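**Q** Each protein sequence line maps, in turn, to chains A and B.
Heads up: the first sequence runs through residues 1 to 104, numbered per my numbering.
Heads up: the second sequence runs through residues 1 to 104, numbered per my numbering.
Some hints could be false.
Where chains are identical, the list cannot tell them apart; a pair therefore holds if satisfied intra-copy or between any two copies.
No more than 20 angstroms apart at the CA atoms, straight line, and that leaves these computed lysine to aspartate or glutamate pairs for EDC-like [stated by the list, open to error]:
id: 1; residue 1: K87; residue 2: E43
id: 2; residue 1: K12; residue 2: E78
id: 3; residue 1: K12; residue 2: D96
id: 4; residue 1: K25; residue 2: D96
id: 5; residue 1: K25; residue 2: E43
id: 6; residue 1: K12; residue 2: D37
id: 7; residue 1: K12; residue 2: E28
id: 8; residue 1: K87; residue 2: D32
id: 9; residue 1: K12; residue 2: E33
id: 10; residue 1: K12; residue 2: D32
id: 11; residue 1: K25; residue 2: E78
id: 12; residue 1: K87; residue 2: D56
id: 13; residue 1: K25; residue 2: E14
Think of the hints as simulated: they come from the structure by calculation, not from any bench.
Here the structure is a predicted model, which means the values were calculated and not measured.
Protein chains: 2
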Amino acid sequence: MPVVVVATLIAKPESVDTVRNACTKAIEAVHDEPGCDLYSLHEADGTFVFVEQWADAHALQTHSGAPAVAALFGTVGELLQSPPDIKVLQPVPAGDPAKGQLRA
Amino acid sequence: MPVVVVATLIAKPESVDTVRNACTKAIEAVHDEPGCDLYSLHEADGTFVFVEQWADAHALQTHSGAPAVAALFGTVGELLQSPPDIKVLQPVPAGDPAKGQLRA
Chain A
1 MPVVVVATLI
11 AKPESVDTVR
21 NACTKAIEAV
31 HDEPGCDLYS
41 LHEADGTFVF
51 VEQWADAHAL
61 QTHSGAPAVA
71 ALFGTVGELL
81 QSPPDIKVLQ
91 PVPAGDPAKG
101 QLRA
Chain B
1 MPVVVVATLI
11 AKPESVDTVR
21 NACTKAIEAV
31 HDEPGCDLYS
41 LHEADGTFVF
51 VEQWADAHAL
61 QTHSGAPAVA
71 ALFGTVGELL
81 QSPPDIKVLQ
91 PVPAGDPAKG
101 QLRA
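Just chain A, with the same shape it has in the complex:
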């Protein structure tokens, strides 16, 4: 059963570039983690949103303890306006399978 994560980080105004750099630096390593189907970053006005899909809960758990994540949150911890908002979700497939799910 795949697991979807939507993680939101709101950077302090003076730290937007530093947070973006830390996020993009983490991405390449995370893509190599086992069970990573999707790990994508999006941005608007200093708000960064990761949309992730993991093959199963075990893969997500492993990711949560991986070095790339520790490095990311170690760097950005004090550069955010508030603690990260991390939602762990189940897909609700509907409609056209090509458009109704992040990854098949």
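With chain A's structure known, arrange chain B on it following the hints.
**A** Leaving out everything else, chain B in the frame of chain A:
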């Protein structure tokens, strides 16, 4: 330039099933809208998160005024704990192109 939307709806506890039904009902119609690359629903504990990608800002604007969206928000308006949180974002591509973006 594609546009990504992350829209979060938090249902009142007694309305979770009604909100889910309204959301899934909208999805099939939205998938047929022009420029809809992705319109996917996810859920945990009464929180519903749409992750969407639109071909460009014009497609998103057209979607915002489409009948399916009006019907959805008309139905769920009073069934949510708070107003929907709708974030309009730009992709920040990085790493493996197959895992670093919602849709190519």
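**Q** Look at each hint and say if it fits the structure.
**A** We went through each hint and held it up to the structure:
1. In this assembly of identical chains, the alpha carbons of K87 and E43 lie at most 20 angstroms apart whether taken from the same copy (17 angstroms) or from different copies (9 angstroms).
2. When the C-alpha separation of K12 and E78 is checked against a cutoff of 20 angstroms, the pair qualifies only within one copy, where the shortest distance is 9 angstroms, while the shortest distance between copies is 34 angstroms.
3. Neither within a single protomer nor between protomers do K12 and D96 lie at most 20 angstroms apart by alpha-carbon distance, with minima of 39 angstroms and 28 angstroms respectively.
4. For a Cα distance limit of 20 angstroms, the shortest separation of K25 from D96 across copies, 12 angstroms, qualifies, whereas the shortest one inside one copy, 34 angstroms, does not.
5. Proximity of K25 to E43 under the C-alpha cut-off of 20 angstroms is restricted to the intra-copy arrangement: shortest distance 15 angstroms within a copy versus 29 angstroms between copies.
6. Proximity of K12 and D37 under a CA criterion of 20 angstroms is satisfied in neither setting, with 30 angstroms inside one chain copy and 32 angstroms between copies.
7. In this assembly of identical chains, K12 and E28 lie within 20 angstroms of each other by CA distance neither inside one copy nor across copies; the values are 24 angstroms within and 39 angstroms between.
8. For the identical chains of this complex, K87 and D32 are neighbours neither inside a copy (22 angstroms) nor across copies (28 angstroms), given an alpha-carbon limit of 20 angstroms.
9. Taking the shortest alpha-carbon separations for K12 and E33, neither the intra-copy value of 29 angstroms nor the inter-copy value of 37 angstroms comes in at or below 20 angstroms.
10. With identical chains, the CA atoms of K12 and D32 are never at most 20 angstroms apart, being 29 angstroms at best within one copy and 39 angstroms at best between copies.
11. Proximity of K25 to E78 under the C-alpha cut-off of 20 angstroms is restricted to the intra-copy arrangement: shortest distance 17 angstroms within a copy versus 42 angstroms between copies.
12. When the C-alpha separation of K87 and D56 is checked against a cutoff of 20 angstroms, the pair qualifies only within one copy, where the shortest distance is 15 angstroms, while the shortest distance between copies is 27 angstroms.
13. In the homo-oligomer, the alpha carbons of K25 and E14 lie at most 20 angstroms apart inside one protomer (19 angstroms), although the nearest pairing across protomers, at 42 angstroms, exceeds that limit.
Against the hints set out earlier in the document, violations occur for numbers 3, 6, 7, 8, 9, 10.
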